[in-house]
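Asker: Same order as they appear, the protein sequences are chains A and B.
Numbers given in our numbering equal positions in the first sequence, counted from 1, plus 71.
Numbers given in our numbering equal positions in the second sequence, counted from 1, plus 71.
Since the hints were made in silico from the structure, they are not lab data.
Be aware that a few hints might be false.
Below 20 Å or equal to it, Euclidean Cα-Cα: the simulated DMTMM-like pairs (lysine to aspartate or glutamate) are [claimed, not checked]:
| no. | chain 1 | residue 1 | chain 2 | residue 2 |
| --- | --- | --- | --- | --- |
| 1 | B | Lys204 | A | Asp151 |
| 2 | A | Lys204 | B | Asp166 |
| 3 | A | Lys204 | B | Asp142 |
| 4 | B | Lys204 | A | Asp140 |
| 5 | A | Lys204 | B | Glu145 |
| 6 | B | Lys204 | A | Asp142 |
| 7 | B | Lys204 | B | Glu125 |
| 8 | B | Lys204 | A | Asp114 |
| 9 | B | Lys204 | A | Glu145 |
| 10 | A | Lys204 | A | Asp114 |
| 11 | B | Lys204 | B | Asp190 |
| 12 | A | Lys204 | B | Asp140 |
| 13 | B | Lys204 | B | Asp112 |
Computed list of chain A residues with no C-beta within reach of chain B, every gap over 12 Å [to be verified]:
| no. | residue |
| --- | --- |
| 14 | Gln77 |
| 15 | Thr91 |
| 16 | Leu92 |
| 17 | Arg93 |
| 18 | Leu95 |
| 19 | Asp97 |
| 20 | Pro107 |
| 21 | Ala116 |
| 22 | Thr179 |
| 23 | Arg188 |
Beta-carbon label-pair distances, calculated as ranges [unchecked claim]:
| no. | chain 1 | residue 1 | chain 2 | residue 2 | range |
| --- | --- | --- | --- | --- | --- |
| 24 | B | Asp97 | A | Gly78 | 20 to 28 Å |
| 25 | B | Thr91 | A | Phe181 | 41 to 49 Å |
| 26 | B | Phe181 | A | Asp142 | 20 to 28 Å |
| 27 | B | Thr152 | A | Pro155 | 48 to 56 Å |
Heads up, the beta-carbon is just placed ideally off N, CA and C, and yes, glycines get one too.
2 protein chains.
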Amino acid sequence: MTTGDQGSFEVRPIGVVRSTLRSLADAPNQVHQGAPAAVIDIDPAYAGALRRIEAGDELIVLTWLHLADRDVLETHPTGDTTIPLTGVFRTRSPDRPNPIGVHRVTVTAFEGPASLRVDALEAIDGTPVIDLKVAMRRGRPAPSDP
Amino acid sequence: MTTGDQGSFEVRPIGVVRSTLRSLADAPNQVHQGAPAAVIDIDPAYAGALRRIEAGDELIVLTWLHLADRDVLETHPTGDTTIPLTGVFRTRSPDRPNPIGVHRVTVTAFEGPASLRVDALEAIDGTPVIDLKVAMRRGRPAPSDP
Numbered sequence: 072m073t074t075g076d077q078g079s080f081e082v083r084p085i086g087v088v089r090s091t092l093r094s095l096a097d098a099p100n101q102v103h104q105g106a107p108a109a110v111i112d113i114d115p116a117y118a119g120a121l122r123r124i125e126a127g128d129e130l131i132v133l134t135w136l137h138l139a140d141r142d143v144l145e146t147h148p149t150g151d152t153t154i155p156l157t158g159v160f161r162t163r164s165p166d167r168p169n170p171i172g173v174h175r176v177t178v179t180a181f182e183g184p185a186s187l188r189v190d191a192l193e194a195i196d197g198t199p200v201i202d203l204k205v206a207m208r209r210g211r212p213a214p215s216d217p
Numbered sequence: 072m073t074t075g076d077q078g079s080f081e082v083r084p085i086g087v088v089r090s091t092l093r094s095l096a097d098a099p100n101q102v103h104q105g106a107p108a109a110v111i112d113i114d115p116a117y118a119g120a121l122r123r124i125e126a127g128d129e130l131i132v133l134t135w136l137h138l139a140d141r142d143v144l145e146t147h148p149t150g151d152t153t154i155p156l157t158g159v160f161r162t163r164s165p166d167r168p169n170p171i172g173v174h175r176v177t178v179t180a181f182e183g184p185a186s187l188r189v190d191a192l193e194a195i196d197g198t199p200v201i202d203l204k205v206a207m208r209r210g211r212p213a214p215s216d217p
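Using the sequences and the accompanying hints, generate a full structural model.
Answerer: See below:
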């Protein structure tokens, strides 16, 4: 099959990451290497979509990794050339055909009506945010859901 | 802030879901309600990005929920009107500004060089696939990584 007949889709930013990570050189490539707390500023046009989010909620954040190389199909994970060349669909590399980042965070506070502080986010300052969802735990919704 | 200065981004399908789920009426709205096994057909142009994926791998699949309503900001989760109106960013509703689905699957077999059978996927037949990533376990890469 080919996907040419499916056309393409337009993603619109719904917010932006505010972080002390200023460049790719600063960014850890896995969350356990120590991502800092960050703020997610949501466009006021989408503020209604935050209704009932509160501190303590675990969310999935989708970002658009705007500095990524979309033409890369294979890579040495974490840049380690002793690791065999691996398809990007079996890695977390930002370089991939659709450079969407998936991050799990805990909301720690609201900094404004449409501004969320989160515990740890491995994305550099200015990274567009394209979606938020409630996280699932072990295949089930979080205990506080719905 | 506004996101207007960030422009928008083009997402290109990299594959498609093949499933016995033929309509939204068939689709469970949470994986624990019983999603069926499915096949992910990857466009041969992206086959290189599958290198080193094998049966047993746990992947995150991102889909484009092409039948969603992108203008919805608040909803009653699972359609239950006894649940308070909730912002879509605190739900898993397909209706949201950027209708991207996030699914965790286990690869059970290859059905062809660019065709993966997966254990359970709550997406209807014909849903575009836009990304695959290796899943993380408890904040760390899977034991078999990299």
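Asker: Of the numbered hints stated previously, which ones are contradicted by the structure, given in increasing order?
Answerer: 8, 14, 21
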